[in-house]
Amino acid sequence: MTRILVVDDDPHLLRALTITLSARGYTTATATDVRGALDAASAAPPDLAVVDLGLPGMDGIAVIESLRGWSSAPIIVLSARHDETAKINALDVGADDYITKPFGMGELLARIRAALRRAVPADDQPVVSTAAFTVDLAAKRVTTSAGETRLTPTEWHLLEILVRHPGRLITQRQLLQEVWGPRYETETNYLRVHLANLRRKLEPVPSRPRYLITEPGIGYRFAPDPPAEE
Numbered sequence: 001m002t003r004i005l006v007v008d009d010d011p012h013l014l015r016a017l018t019i020t021l022s023a024r025g026y027t028t029a030t031a032t033d034v035r036g037a038l039d040a041a042s043a044a045p046p047d048l049a050v051v052d053l054g055l056p057g058m059d060g061i062a063v064i065e066s067l068r069g070w071s072s073a074p075i076i077v078l079s080a081r082h083d084e085t086a087k088i089n090a091l092d093v094g095a096d097d098y099i100t101k102p103f104g105m106g107e108l109l110a111r112i113r114a115a116l117r118r119a120v121p122a123d124d125q126p127v128v129s130t131a132a133f134t135v136d137l138a139a140k141r142v143t144t145s146a147g148e149t150r151l152t153p154t155e156w157h158l159l160e161i162l163v164r165h166p167g168r169l170i171t172q173r174q175l176l177q178e179v180w181g182p183r184y185e186t187e188t189n190y191l192r193v194h195l196a197n198l199r200r201k202l203e204p205v206p207s208r209p210r211y212l213i214t215e216p217g218i219g220y221r222f223a224p225d226p227p228a229e230e
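Each residue of the sequence shown is one higher than the last, beginning at 1 in full-length UniProt numbering.
Hints are computed from structural coordinates only; laboratory data are not their basis.
Hints should not be assumed to be uniformly reliable.
Computed Cβ-Cβ distance ranges for the label pairs, DEER-style [what the hints assert, rightly or not]:
no. : residue 1 : residue 2 : range
1   : Arg168    : Ala16     : 23 to 29 Å
2   : Arg150    : Ala80     : 32 to 38 Å
3   : Thr143    : Gly106    : 40 to 46 Å
4   : Arg183    : Ala23     : 33 to 39 Å
5   : Arg173    : Arg24     : 42 to 48 Å
6   : Glu215    : Trp180    : 17 to 23 Å
7   : Asp9      : Ser145    : 37 to 43 Å
8   : Ile213    : Ser145    : 18 to 24 Å
In silico SDA-like pairs for lysine to any residue, Cα to Cα no more than 20 Å straight-line [unchecked claim]:
no. : residue 1 : residue 2
9   : Lys140    : Ile61
10  : Lys101    : Leu91
11  : Lys201    : Ala223
12  : Lys140    : Gly69
13  : Lys87     : Glu107
14  : Lys140    : Pro224
15  : Lys201    : Arg164
16  : Lys140    : Thr152
17  : Lys140    : Thr154
18  : Lys87     : Glu65
19  : Lys201    : Arg117
20  : Lys87     : Arg111
21  : Lys201    : Arg118
22  : Lys101    : Pro126
23  : Lys140    : His157
Glycine residues also receive a C-beta, built at the ideal position from the N, C-alpha and C atoms.
Build the full structure now, drawing on both the sequences and the hints.
Okay, here's the thing in structure tokens:
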């Protein structure tokens, strides 16, 4: 069954959405804030998410950004914000559609069906494990045998990009543009410093990296553990 994550702090709307979606044959998970949404998504990755922007504490944008760190599932935004800037911001960070409150339940269901038809099945993997460390992409957490490892936001961003593309060479230019922006395309020293810090925190032997590999003069790649022999 298709699993839909619904994130909204209005208990009446949350209940109405849950009843309506369940009646249409969808499995639902619900949350009323950002932390609850990320925990629910990590526990059972959704096939689609419906996210309200006006959540208590952190904005719903944080849910979209976190999901997009590891999931390709469609995201439909619900919001009482009518200004164009809010819509553009939500779409730019990864939302697929935007519905302004109040809305008709029939319209939302139609948009859900359309988004699911367009969705490309993907092997989303919120947790990536190696023999040396585990990366929880949904919770933005890294653990080793010694426990949780604290990363700086920049270190996390670099690691997330590499881990999301196992075995793939990511060029220096791609990493610099993604993490620091287009004006930093030639600042390769930034990469050397932060990758050295990541290896010091995660690699069993930092001077001989096993997982965070440098392709000299080109870029970096994440080398996952080989599959276990049967």
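In rising order, the numbers of the hints this structure does not comply with: 1, 4, 19, 21, 22
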